[in-house]
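K.L.:
With chain A's structure known, arrange chains B, C and D on it following the hints.
In order, the protein sequences belong to chains A, B, C and D. Letter by letter, the first sequence follows residues 1 to 395 of my numbering. Letter by letter, the second sequence follows residues 396 to 790 of my numbering. Letter by letter, the third sequence follows residues 791 to 1185 of my numbering. Letter by letter, the fourth sequence follows residues 1186 to 1580 of my numbering.
To be clear, the hints were calculated from the coordinates, so they are not data collected in a lab. Keep in mind it's a predicted model, so treat the numbers as computed, not measured. No residue lacks a Cβ here, since even glycine has one placed at the ideal position from N, Cα and C. Be aware that one or more of the hints could be misleading.
Reference listing, derived: stretches of chain D covered by chain A, where coverage requires no fewer than 3 residues with Cβ under 8 angstroms from a Cβ of chain A [what the hints assert, rightly or not]:
(1) 1309-1318
(2) 1419-1426
(3) 1435-1441
(4) 1538-1548
Label-pair restraints from in silico Cβ distances [as the list claims (entries may be wrong)]:
(5) C:933 - A:206: 53 to 59 angstroms
(6) C:1144 - A:314: 46 to 52 angstroms
(7) D:1336 - A:205: 33 to 39 angstroms
(8) D:1442 - A:205: 35 to 41 angstroms
(9) D:1430 - A:12: 51 to 57 angstroms
(10) C:951 - A:140: 54 to 60 angstroms
(11) A:257 - D:1217: 49 to 55 angstroms
Protein chains: 4
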Amino acid sequence: MKPPRSKRNRIPRDRESDYTPEMAEVRRAFLREQTGVGLEHLSHYSFDPSVLPGNIEHFTGVAQVPIGIAGPLLVDGEHARGEFYVPLATSEGTLVASYNRGMKTLREAGGVKTTILDDAMQRAPAFVFESAREARAFGEWLTDHFAEIKQAAETTTRTGRLRGIEQYSASRILFTRFDYTTGDAAGQNLTGKATAAACAWITANYEGITNFYLESNFATDKKSSQVNVLHTRGKRVVAEATIPAALIEEHMHTTGGELFRARQVSNLGGFMSAVNNNGLQSANGIAALFIATGQDAANVAESSAALGFSELLPNGDYYASITLPSLIVATYGGGTGLATQRECLELLGCYGAGKVRKLAEIVAATVLCGELSLGWAIVAAEWIRAHDLFGRNRP
Amino acid sequence: MKPPRSKRNRIPRDRESDYTPEMAEVRRAFLREQTGVGLEHLSHYSFDPSVLPGNIEHFTGVAQVPIGIAGPLLVDGEHARGEFYVPLATSEGTLVASYNRGMKTLREAGGVKTTILDDAMQRAPAFVFESAREARAFGEWLTDHFAEIKQAAETTTRTGRLRGIEQYSASRILFTRFDYTTGDAAGQNLTGKATAAACAWITANYEGITNFYLESNFATDKKSSQVNVLHTRGKRVVAEATIPAALIEEHMHTTGGELFRARQVSNLGGFMSAVNNNGLQSANGIAALFIATGQDAANVAESSAALGFSELLPNGDYYASITLPSLIVATYGGGTGLATQRECLELLGCYGAGKVRKLAEIVAATVLCGELSLGWAIVAAEWIRAHDLFGRNRP
Amino acid sequence: MKPPRSKRNRIPRDRESDYTPEMAEVRRAFLREQTGVGLEHLSHYSFDPSVLPGNIEHFTGVAQVPIGIAGPLLVDGEHARGEFYVPLATSEGTLVASYNRGMKTLREAGGVKTTILDDAMQRAPAFVFESAREARAFGEWLTDHFAEIKQAAETTTRTGRLRGIEQYSASRILFTRFDYTTGDAAGQNLTGKATAAACAWITANYEGITNFYLESNFATDKKSSQVNVLHTRGKRVVAEATIPAALIEEHMHTTGGELFRARQVSNLGGFMSAVNNNGLQSANGIAALFIATGQDAANVAESSAALGFSELLPNGDYYASITLPSLIVATYGGGTGLATQRECLELLGCYGAGKVRKLAEIVAATVLCGELSLGWAIVAAEWIRAHDLFGRNRP
Amino acid sequence: MKPPRSKRNRIPRDRESDYTPEMAEVRRAFLREQTGVGLEHLSHYSFDPSVLPGNIEHFTGVAQVPIGIAGPLLVDGEHARGEFYVPLATSEGTLVASYNRGMKTLREAGGVKTTILDDAMQRAPAFVFESAREARAFGEWLTDHFAEIKQAAETTTRTGRLRGIEQYSASRILFTRFDYTTGDAAGQNLTGKATAAACAWITANYEGITNFYLESNFATDKKSSQVNVLHTRGKRVVAEATIPAALIEEHMHTTGGELFRARQVSNLGGFMSAVNNNGLQSANGIAALFIATGQDAANVAESSAALGFSELLPNGDYYASITLPSLIVATYGGGTGLATQRECLELLGCYGAGKVRKLAEIVAATVLCGELSLGWAIVAAEWIRAHDLFGRNRP
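Same shape as in the complex, but just chain A (with noise of 0.2 angstroms):
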């Protein structure tokens, strides 16, 4: 196709002051012109755009997304202790009964136990070498090196720490993963920056570097990837809980016997179809939970990854575990700090400074909730008509 040649079509931005409501008003003008869609809601915001370099370019309004609450949620973690409202931005009918019905349960159960196993955000630079030997030496190097390096990673940054560099080799090429903590903040730029500071140190005192990377698929930002389910990215949480027979057969009408062999099947399923979650619907919750506190949505990628494993035991209760190992949520930084997302962190007293593994414990807790209701759903085929009863804006 020709591209059009003028510079009519090209979107207003003020080189100045550009986050203002008249700059807004000016990008929403200009659509209006040029699509002929009138964008009133769009408008509707309560914040002084002022607050949002950092966190927006052009920036023309506001999507408003329906926030419902569930729980209490009853939490027995190491950072969250004790009942949670949990808001959770949606607009998938049945989603928030779902998660409600499951808080419900548990907590009659005595609540969720939930256990932060490991904590890490990376960079993965790649390095590749004339041959392998090479990139072999370069990697004791590292090793040997881990002092400095860390010291110029971390001159970047106040929070982050270089916890340390996994190696993984093939061919002439060394990939690396260097690991960090990084405070409260979900890391993803702290550790960019300081990994470009790290590299900056590597390829000035080592010789022999052909080509460096500063990501090569090895971090799968934003992306499922077995490595990060074998080696964390963001927070590795565990959320478990044992359901007393009789309260399975009350709430549930079912049993834990039939819950456990449905799983078994489901488990073989996800094993052929290679699924990189043998749970149920964690994306669900984590990606309402995200919106509404001003988490990076992108992130359900990698977050919504699970490992579901559950033991029907001798006296008929029933024990059920998920494990998200790539869980990746902030207090600080990114949108966190925006009006209503910031309200949301608020109402379950995870705003700011020290809480995110909190946060954390709590959107486990909060996704074990949903596999268990969905789980007996599916079994006592209650799941249609939940559907049909909430769910009747769908087609």
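P.N.:
Chains B, C and D only, in chain A's frame:
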């Protein structure tokens, strides 16, 4: 932990009329009392909650997600043709700028060619039998009775059509995928109901099914999987472009050869890390477009799967393509009719009947622009710098 | 390194008559001269080398691989029925004992039920086009011209039948899998020739194919892949058995509950490690049977893929099954007619025409016996002890 | 089926002295009686069965597998240097010819450079706890007590050394990989015993382990897995070569550009089919070398995993490499001391102590030759023709 006994902590709900501004305020008041958080911004929305049944339960307010506009995006599709201004809802700095930059380059390169290769939405019931032989016999019966099953399924839907039933067997279980076309809806609910109806007919007409589950990890709803990469979920869309060597140098300050070499290393990395996506940042554009246009954000989990394929042409031009094998979009149902979401769809000329393929093409074209933009940033080492410039809200 | 110039180091070969005891001795003499190694044992073989064209080049002698016999294996198949003595060629101590023990237990449990679910051998040509649209159009043409393509393919073979053509698309490429039944041959060569003929017809009758490759990683010959787990390569065979609780206790000194719990943990481990096989030791039995019966041992790579599925029944009995989704066997062609190999096939009543499904069932039944044997050894911690007892040649 | 009652069908075994020519004949006589098959060739072997304890049970005869010789293979390794004649035991026509052709080309190109990047053999016990927190605490204890665990493990072995313990967690389970170096043995048994001893010490010194399993799918013995691709099992070896453009044209009648383009398509195919190997035929060379040299042929399952990486250099030369991340070889123990197997190891100068890395390099170099040979055959469409010429025993 001991669950609290009182019902004072129960979320208020009006069984008769819950979708009103008043009930939303009742719930905010309840949350204020429980948590002490003001929730002022949450209450700023510009629509009547009476539209929300089917979209949310326990409606309490909205998340305000900033929208920036990128474009114009020049698309040479079969359904989308011409220039589009793409609304991206995100709080991640540089995202809009990155896509905007890619759109500019590809516009000068003549636009993005888009093609929908396939279209299928699934439910995946599993059937368990006495032994493998009965499972095999049932598979044959299923093939022979496809017409009747199709009829049973389609009684429940105006727009859904059962295209076929895939069969996968292991042990004494037959896993199936019921493949539908679903018009302008994403179709997860529609296919759920239709498949339940089909299975009701099946179980009424076939003896010997020991167990039956409506889902068993073979549709992998909201989960990334190899079976969906192979066999499509939602739309399978390709976006392609060839960028002249001169344009690469002018816009990217690099060469096609450099871009291509980086991709080779990255492809090997992705093969080792077992990532579901050998591209770079599809989840960014998809999540932002999904939130803006009322798609189900949980579908980012599977929709962000991507297959990148590039070629360095003898004359130095660079052929780039991205294939989205499981892109789930709707222009009808779900959140598409909500206030701001509808405006964003209208902005793209994609609201309502007969528009879903156009939207799918726009999403794919947008993704390709982001791939190139980040691809050359990595090569040109501009990546960190770009984040420093725009992304300063990040720690 | 500088390559040596002289031709004195060239392996001797007689262009007229190379498959003779004399030429084998000429080569041994040459090797003796080059390396100083005597090669006395290599020369002990009991057949006439004139049978070897099509099996080997530069024939120089034989490997003598010890064969042990396990059994009787009681099979309740559709093709294999009754008791079988299974020849296993291996040098790994405890292997024969382990399979033998499993066979004994399953014999007392009433034997192994076997079922062949599917049968397909592939070649997987890829076709590259100008753009995705041309690839899509070609896919439709391929469907429409299946009859002619089938005819072209089948001109090259008496036994091969083209069952269908699977299509997988990405970018501007159409990947295909040409699926054949191949009678009693494994069929890799047969399908290679037939597909080459089919593609010759296709490329002669279709304009616009930019590039064509006879293989592109979609048949995954001699490689393990998810596509073969899903869509079968060779035979898809299930072996099942239910072992009474009393028998488990008597033979295994454990309970079905213990076996089952161990499997749950192992299944989660396998999901995380992304293994191609959630069973235990299929490769052991398959490799040993393949070498004994003249199968292509390189096919162990894909034939050893396995899907285990077990259930603990309410009465404590244990249902166990193994599904081999890509078992490649032959009773005709390849090494099946060689001297000892033929004897081993005859031992199983599997030599020659019409026997391949019987052999596939025997292999699957054998594998199941090994799974149980090692499964309970792990649980009963007998494993190390067993290796100490039998495996003393190992360091 | 009803199991036969009599013991007349039991395989004869002499509890005192079973490894004799007489007992082998007793078993052959028994089989003759049971099946009517003569078994004349099976009895042709040239060694004394008294060497076989630890290699086989129920010894009955040998499989005679034809051996062809390819080479000379020119290796520029750190352990293997110079020219080698490579014994390949196979019954698959064209295999020896294909490898031989690749060896010739790469010899003219200056030989194959080989590098061993890593060396580790595993057992992978799993430990189950009351909850995730206890699993996490145990993980820390494990790290703190590595020295004692190492000591406990190494009491059982002269050559094995515990290098480290990898930890992977999910739910209330800690999966581990105990990584050893194992000298010239493959080391599966050695590591089994050592890890059992280590675990005996652990379970005696740590309270609160609910369940313990010596294997749980994280070492993936004789199975292909991503964890082994990432973290090595056996030797991690790279073979590299750069082939001058002129040589490609002379030997392959094609260009580096054509080879490279085919690889790009094939890489995308492999990414979609989720193959464990983006190369072509590693299993062919590995299986043939394994049988000839007394390796465990079941290890073809994991040893054949391969990572191919090529570059087309600006001058038209072609850089090719193959990485074998989990190559399991031994020059001591197992079948390496058997009659013909030892001769073949001697032929390579690889029999006995201190030779295992040399053997690993020869295997990798051989594999690379086969990759190139088949790679250009596919491109040059010579593949079918080659099979017609040599492979005529095939149907």
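K.L.:
Could you run down the list of hints and mark each one as holding or not?
P.N.:
Structure-based check of each hint:
no.	hint	in the structure
1	1309-1318	holds (count 3)
2	1419-1426	holds (count 3)
3	1435-1441	violated (count 0)
4	1538-1548	violated (count 0)
5	C:933 - A:206: 53 to 59 angstroms	holds, 56 angstroms
6	C:1144 - A:314: 46 to 52 angstroms	holds, 50 angstroms
7	D:1336 - A:205: 33 to 39 angstroms	holds, 38 angstroms
8	D:1442 - A:205: 35 to 41 angstroms	holds, 37 angstroms
9	D:1430 - A:12: 51 to 57 angstroms	holds, 53 angstroms
10	C:951 - A:140: 54 to 60 angstroms	holds, 56 angstroms
11	A:257 - D:1217: 49 to 55 angstroms	holds, 52 angstroms
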